[in-house]
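Student: One letter stands for each residue in the lines below.
Protein chains: 2
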Amino acid sequence: MQLPPSDDASPYIIAPAPAAPGLTRAVTGTDQTGAPQTIDVVEERPLTIFLNAQEIVTAMTIGDYPEYLALGFLRNQGMLKDGETVLRVDYDDELETVVVRTDGQTTYEDKLKKKTRTSGCAVGTVFGDMMEGLEGVTLPAARLRTSHLYSLAKVINTTPSLYLTAGAIHGTVLCEGDRPLVYMEDVGRHNAVDKIAGWMLSEGVGPEGKTLYTTGRLTSEMVIKTALMGIPILASRSGFTAWGVEIARQVGLTLIGRLRGRRFVCLAGEERLIRDADPAAVADEDSKHRRKGAET
Amino acid sequence: MQLPPSDDASPYIIAPAPAAPGLTRAVTGTDQTGAPQTIDVVEERPLTIFLNAQEIVTAMTIGDYPEYLALGFLRNQGMLKDGETVLRVDYDDELETVVVRTDGQTTYEDKLKKKTRTSGCAVGTVFGDMMEGLEGVTLPAARLRTSHLYSLAKVINTTPSLYLTAGAIHGTVLCEGDRPLVYMEDVGRHNAVDKIAGWMLSEGVGPEGKTLYTTGRLTSEMVIKTALMGIPILASRSGFTAWGVEIARQVGLTLIGRLRGRRFVCLAGEERLIRDADPAAVADEDSKHRRKGAET
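Chains as they are written, first to last, in full-length UniProt numbering: chain X, 1 to 296; chain V, 1 to 296.
Be aware that a few hints might be false.
Claimed, not checked - With the Cβ distance kept under 8 Å, some of the chain X side facing chain V (calculated, not the full set): (1) 37; (2) 41; (3) 42; (4) 43; (5) 44; (6) 54; (7) 60; (8) 89; (9) 168; (10) 241; (11) 266; (12) 267; (13) 279.
Said to hold, decoys possible - Have a look at the derived ranges for each label pair, beta carbon to beta carbon: (14) V:84 x X:274: 56 to 62 Å; (15) X:94 x V:84: 35 to 41 Å; (16) X:209 x V:177: 55 to 61 Å; (17) X:131 x V:30: 23 to 29 Å; (18) X:203 x V:137: 44 to 50 Å; (19) V:22 x X:230: 30 to 36 Å; (20) X:134 x V:22: 21 to 27 Å.
Claimed, not checked - Per the computed footprint, the stretches of chain V lying under chain X, defined by three or more beta-carbons under 8 Å from a beta-carbon of chain X, are: (21) 166-178; (22) 242-256.
Simulated from the structure, these hints should not be mistaken for laboratory data. Quick reminder that beta carbons are idealized off the backbone N, C-alpha and C, glycines included.
Bound-form chain X, shown alone (with noise of 0.2 Å):
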């Protein structure tokens, strides 16, 4: 599809909305004094998800874009392919659920039996080996020019959203060239990355071209989560496994971690970037985000 035209106040096509209602709620304890504070904290609802007839998982989730949260999960599972024609999805705000209707009529009984736990997480599941269908992917060739990779952090770190409000959330931004496209949060980091997904798949959006910037951490899945997508550049302010390093480098991805004010690690795909930002003439975080990598 032909993106829409950037207006001069937002350079985003969904950014995120942290007043909106219904994603903070207002909790109040007592501070270290015994004195009661209150503080907006994110929500975190059940979203049960259907494919067709058959239930397939339940997100905890803040709950803002129900609609691509299943289609982007769906198909980061593989269990939407590509064949497959999407004919309806339906969100029902009371019952808490989101059903896709497809053409399709696949069960995926024995892949909800294997599950494998991932990193950074409650009890995490990839449905089925957590490598399938890495061997068949192969990225498409992109460039990415360090003054762009310098002028979205800067542009994603002062963007009004729930992180920096209320906390306790992550954020991924789909990004082109130095425009950030579409910039979802969710108390689970995947599913903001599944988010994406389904509206790079409701929208006809391919991943040519794309960077994909985490705030989380880059573990196994969400390295092995970002080449199934098809997306070729993965950048994040936090730190990195070394099995995440490991894969990005057997799939041609090209990976960036500890990106913070001048500062960016290069793990995987060095020939993606163009280097034509002077470090030394951007500004550097103060201390207070520096480690921040730490925490994701």
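Assemble the complex: chain X is given as a structure, and chain V must be docked to it using the hints.
Tutor: What follows is chain V alone, placed relative to chain X:
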């Protein structure tokens, strides 16, 4: 059991071993100037957990204490019942499997089919109903002095750990009074909690009078897991979700969030706190720590 006395050098029964072989690997990338940069990165490896003849799950873990992880995981999933006797736990480093053998014969086919994707998380899953067993929970009476809370945080935050040396990891610490007993780390924050549950089960250590400290966010499933472990107090330096707070209030768990320097907020179970410390006399953390809650 009788807890061993702490020596002067360390209050811990189990402390992190950041220099232990196999937990980290040196990974080389290029920094923002294009210069090679070598970083110690945490490992992430699969561990497949069997209960008797049945394969239950494959966890992504840093790899230490596989027996505790398996025992704690099965216990926290309600797959190891109180009455059940654990006959043997066999870990195979080459096969990356750990087999827990009990005198029970139960199979969990039905349980394994129902999935709940949890927060902060890849594709998090809690087998069976997430709230299962919560109705029955009555948490033991306990008191926590804020002077102990402050000293625990200080000791834990300055303990040599993978968190401080490599980052991209979560830590959880079982504490009693002002003493941190067992400090576990893992790429998956719930693995760290499960290792502690496994240790408690193996050593016959009960939850009475214990406080659980975590670097991770206080999401619903973290609160539920702590309550099901019978631990009356849960503290974190990170943020929390509205539902996490709601559940803590329902089950009577004392929930403390955003514990940084002199600051904290008590969101539930205030009655267990003895406010014997003067917050003004406590050194505040420097700004680089202050916003950690936003990350995890």
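Student: Next, verify each hint and record whether it holds.
Tutor: Now the hints, each set against the structure:
1. Given the 8 Å rule on beta carbons, the hint for residue 37 of chain X holds: about 5 Å separates it from the nearest Cβ of chain V.
2. Annotation: residue 41 of chain X was flagged as interfacial toward chain V, and the flag holds, the nearest CB pair being 5 Å apart, inside 8 Å.
3. At a threshold of 8 Å, the smallest CB-CB gap from residue 42 of chain X to chain V is about 6 Å, leaving the interface hint in force.
4. Checking residue 43 of chain X against chain V: minimum C-beta separation of about 5 Å stays under 8 Å; hint holds.
5. Annotation: interface hint on residue 44 of chain X holds; nearest CB of chain V at approximately 4 Å, less than 8 Å.
6. At about 11 Å, the closest approach between the beta carbon of residue 54 of chain X and any beta carbon in chain V exceeds 8 Å, and the interface hint on this residue is violated.
7. For residue 60 of chain X, the suggested interface contact is upheld, since its CB lies about 4 Å from the closest CB of chain V, less than 8 Å.
8. Taking 8 Å as the C-beta contact cut-off toward chain V, the hint placing residue 89 of chain X at the interface is violated, the least distance being around 18 Å.
9. A least Cβ separation of about 3 Å between residue 168 of chain X and chain V falls short of the 8 Å threshold, and the interface hint therefore holds.
10. Nearest Cβ of chain V to the Cβ of residue 241 of chain X: about 4 Å, under the 8 Å cut. The hint holds.
11. A cut of 8 Å between beta carbons decides the hint on residue 266 of chain X: the least distance to chain V is about 5 Å, and the hint holds.
12. At its closest, the beta carbon of residue 267 of chain X sits 4 Å from a beta carbon of chain V; the interface hint therefore holds under the 8 Å criterion.
13. Taking 8 Å as the C-beta cut-off, the interface hint given for residue 279 of chain X holds, the closest approach to chain V being about 4 Å.
14. At about 60 Å, the CB distance of residue 84 of chain V to residue 274 of chain X agrees with the hint of 56 to 62 Å.
15. At about 40 Å, the CB distance of residue 94 of chain X to residue 84 of chain V agrees with the hint of 35 to 41 Å.
16. In this structure the supplied range 55 to 61 Å holds for residue 209 of chain X paired with residue 177 of chain V, their Cβ-Cβ distance being about 57 Å.
17. Checked against the hint of 23 to 29 Å, the C-beta distance between residue 131 of chain X and residue 30 of chain V comes to roughly 27 Å, which is consistent with it.
18. Range check, residue 203 of chain X to residue 137 of chain V: about 45 Å between beta-carbon atoms, so the 44 to 50 Å window is met.
19. The hinted range of 30 to 36 Å is satisfied by residue 22 of chain V and residue 230 of chain X, whose Cβ atoms lie roughly 34 Å apart.
20. Our hint of 21 to 27 Å for residue 134 of chain X and residue 22 of chain V holds, since their Cβ atoms are close to 25 Å apart.
21. For the segment 166-178 of chain V, the assignment as covered by chain X holds, since 5 residues bring a beta-carbon within under 8 Å of that chain's beta-carbons and 3 suffice.
22. Proximity of the segment 242-256 of chain V to chain X, defined as three or more residues with a beta carbon under 8 Å from a beta carbon of that chain, is established by the 4 residues found.
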